[in-house]
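Going line by line, the protein sequences match chains A and B.
Here the first sequence stands for residues -15 to 231, where the numbers follow our numbering.
Here the second sequence stands for residues 175 to 255, where the numbers follow our numbering.
None of these hints come from the bench; they were simulated from the model.
Heads up, the beta-carbon is just placed ideally off N, CA and C, and yes, glycines get one too.
Treat each hint with caution, since some may be false.
With a straight-line cut-off of 35 Å between C-alpha atoms, the simulated DSBU-like cross-links for lysine-lysine are [unchecked claim]:
1. B:LYS223 with A:LYS230
2. B:LYS223 with A:LYS5
3. A:LYS159 with B:LYS223
4. A:LYS219 with A:LYS159
Short derived list, chain A residues pointing at chain B, Cβ under 8 Å [stated by the list, open to error]:
5. ILE41
6. ALA94
7. THR115
Chain by chain, the residues:
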Amino acid sequence: MDWTWFHKWGSPKWFYELSGKWLPWLVGAMVTCLLIGVTWALLFVPQDYQQGLTNRIFYVHVPVASISLAFFPLMAMAGTIFLVWRMKLADVVVKVAAPLGAWFTALALASGSIWGVDTWGTWWVWDGRLTSLLLQFFLLLGVVSLRTALEDSEGAARACALLSIVGCINVVVIKYSVDWWNTLHQASTNFTLATDQANGPEIWVPLIFMIVAVYLFFAISLILSTRNEILQREKRAQWVMDLVAKS
Amino acid sequence: MQFSNFQEFIEMGGYAFNVWSVYGMFLIFLTINLYGPLRKNRQIIRELKRRYSLNAQVPPMSAGAGSQSSPGSETTEEERA
């Protein structure tokens, strides 16, 4: 099997150049999806028969909350690649993903809370889903502070990779919390293609646009931070010197 | 379209606070996590430019790192700062 692609991906220079070419396309696609999604969600989605217009919060809360669950698996995967194959770029991903994941989790918690205050009648309850997501927030802050606390960068990288792998257990808990403990947070909704159902396409098509937009945003923000980290780590390399001289 | 006029749109059926604060936070979240890294990129490039020009002024320091001479130790001290 040809492994050159793997080594190419491990090359910071190669990643920097390629991602520079992708970024304008990703940003264009994100802005398009975001404009369509937000306009559709705010103006055209029909009211919920019980929740009224608070159902607009759904279109921010669900994409952000579901993508927040992708961080630990992503960091665990990158961490494993770093631990096994010593790929430095993988450690960069572990490092820059943690604070972004904390932002995602915080917004998921806050938007859910503001949604709940009128639909549930409370800002917060120690429900399985809410508590496990709060735990994810603190775990991500833990990964961020572990990196700054350990002076030895190699040791910090290994510790963060390990914590990322362990943190995946909590993702499973978050995912199934709504089925295991039937307290307050609703279970996942099944969306159907049929138009006569309560949750027909007029509800989920704008959601698809928002999910794609937030996924693209996630990728763009992660790529931008990865590029910054690469520049700092590779500052002695000739290609960074050339790049800085040109800019 | 669920609204007949702009006023109705702003009021959001009595849920103006909930809906607009969530969308406001979403906007802040997007801005911070896109503008932040972009601004940091400019800072890094500015800082590296300064560092490289500083190194270029010291004649014995070549582009290749790892020398044990005094300009080399200067670089590490600058790094710590």
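Keeping to a limit of 35 Å between CA atoms, is the pair of A:LYS219 and A:LYS159 held or broken? violated, 41 Å
Under 8 Å, Cβ to Cβ, is where A:THR115 needs to be relative to chain B, so tell me if that hint holds or is violated. Hint violated; A:THR115 Cβ to chain B Cβ min 21 Å, cut 8 Å.
Should the interface hint for A:ALA94 be scored as holding, given a Cβ-Cβ cut-off of 8 Å against chain B? Holds - the Cβ of A:ALA94 comes within 8 Å of chain B, reaching about 6 Å at its closest.
Given the hinted pair B:LYS223 and A:LYS230, is their alpha-carbon gap at most 35 Å? The hint holds at about 10 Å.
For the pair supplied as a hint, B:LYS223 and A:LYS5, confirm whether the alpha-carbon distance does not exceed 35 Å. Holds, at about 23 Å.
When the least beta-carbon distance from A:ILE41 to chain B is tested against 8 Å, hint result: Given a least distance of 5 Å, the restraint on A:ILE41 holds.
Is the Cα-Cα distance between A:LYS159 and B:LYS223 35 Å or less? violated, 47 Å
The structure fails hints 3, 4 and 7 (numbered hints given earlier, in ascending order).
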